[in-house]
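Make a model of the complete structure from these sequences and hints.
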Amino acid sequence: MSAELYSLFSDGGRASLSWWLFVAVPMTFRQGFAIPKTHQVALCLNTSLSLFSPPSLALKSMKHHLFCAKATTGDDLKSSRPLKPFSPSLWGDHFLSVPLNGDEFDELEKEIKFMKPLVRDMLMSSHSSDKERIRLIQLLISLGNSYHFGKEIEEIINLSFPKLDNIIAGEDDLETISIIFEVFRLYGHNMSCDIMDEALSFTRNHLESLDGHNASSAIAPHLFKHIQNALYISRYGNIEVLVAREYISYYEQDESHNEIILKFAKLNFNFCQFLCIQELKTLTRWWKDLDLASKLTHIRDRVVECHFMSLGAYFEQQYSLGRIIVAKITMIVVVVDDTYDAYATLTEAIALTECLQRCMI
Numbered sequence: 001m002s003a004e005l006y007s008l009f010s011d012g013g014r015a016s017l018s019w020w021l022f023v024a025v026p027m028t029f030r031q032g033f034a035i036p037k038t039h040q041v042a043l044c045l046n047t048s049l050s051l052f053s054p055p056s057l058a059l060k061s062m063k064h065h066l067f068c069a070k071a072t073t074g075d076d077l078k079s080s081r082p083l084k085p086f087s088p089s090l091w092g093d094h095f096l097s098v099p100l101n102g103d104e105f106d107e108l109e110k111e112i113k114f115m116k117p118l119v120r121d122m123l124m125s126s127h128s129s130d131k132e133r134i135r136l137i138q139l140l141i142s143l144g145n146s147y148h149f150g151k152e153i154e155e156i157i158n159l160s161f162p163k164l165d166n167i168i169a170g171e172d173d174l175e176t177i178s179i180i181f182e183v184f185r186l187y188g189h190n191m192s193c194d195i196m197d198e199a200l201s202f203t204r205n206h207l208e209s210l211d212g213h214n215a216s217s218a219i220a221p222h223l224f225k226h227i228q229n230a231l232y233i234s235r236y237g238n239i240e241v242l243v244a245r246e247y248i249s250y251y252e253q254d255e256s257h258n259e260i261i262l263k264f265a266k267l268n269f270n271f272c273q274f275l276c277i278q279e280l281k282t283l284t285r286w287w288k289d290l291d292l293a294s295k296l297t298h299i300r301d302r303v304v305e306c307h308f309m310s311l312g313a314y315f316e317q318q319y320s321l322g323r324i325i326v327a328k329i330t331m332i333v334v335v336v337d338d339t340y341d342a343y344a345t346l347t348e349a350i351a352l353t354e355c356l357q358r359c360m361i
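Residue 172 in UniProt numbering sits at position 172 of the sequence shown, with consecutive numbering throughout.
Take these hints with a grain of salt, some might be off.
Unchecked claim - Simulated pairs of lysine-lysine, DSS-like, Cα-Cα distance not exceeding 27 Å:
no.	residue 1	residue 2
1	K328	K295
2	K151	K263
3	K328	K281
4	K266	K281
5	K113	K263
6	K281	K295
7	K281	K110
8	K131	K116
9	K110	K151
Hints were generated in silico from the structure; no laboratory data involved.
Below you can see the structure in the form of structure tokens.
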């Protein structure tokens, strides 16, 4: 089951949540939340208004157009609505049919509890230097499991920061310098970024020169793919769970990888997948029970995308309930947003706004 869950987010998986959502969600949300285009409405009275002053003050004859007025009927009201059908959900009720075995979930949890002290011992080892500990912290962050060792990492960072000058003294490895900068800055310590701006420009120019067909044969495939991903979207501009998924594959193919850390990362990722599927089952069932999709045909059915948005905010295990709550709130907001944009007339939109304002008061 762990392998099946792991493949769900992988590039080759049939459901491939990480790939499909990474591509589909931004497109879906851009279409739904963008400012609607204004419709061209012909004026009943043509004018010749201009930003420039007229050449003379003489009144010019204006051509008037007559029009007929009639009472508004149901058909007229329907035609005046900005109805725009949205594409159906890519997922439907798929996650209700995904099998989950509670015993396997418990087994995953036991394995994580067994592996966690082993990784903690590596992190807190007295035989490791400050540089080695900081590099290990950066590795755990990249693999998406640093939150398991929050207290230990804070302790290491607070002890190491006063010794920063000694740590970087005589250090010629730019990778180590950049990792030290990243970790300390990530955990709230003031680090000047001027030199890193220069390093970023220098590094990007050289990496872009490697991103070609000729260079791909001279670089290891997993490293070449890692470079392409970094150039396509910055790590901190991406979603953490997708960064972790990509980095696990990269780290697994690295010859110097540590088997204990790699196994712990995979177990942790599988456990997060298990939780996400459970959350999607809960959300899909809740959405079906509301039955808003059939009652309000103008709204979007975007359960998975709303959950993915909450997953982007925080993917850690302990925030499972928070993800569900945020996803539900987002789905209700989508209903209101679609009612404004794709269904309500101006009069109805004003009335709905007044109603919502009274509720907030």
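To see whether the hints hold, each was checked on the structure:
no. : hint          : verdict
1   : K328 <-> K295 : 18 Å, holds
2   : K151 <-> K263 : 22 Å, holds
3   : K328 <-> K281 : 13 Å, holds
4   : K266 <-> K281 : 23 Å, holds
5   : K113 <-> K263 : 12 Å, holds
6   : K281 <-> K295 : 21 Å, holds
7   : K281 <-> K110 : 23 Å, holds
8   : K131 <-> K116 : 22 Å, holds
9   : K110 <-> K151 : 21 Å, holds
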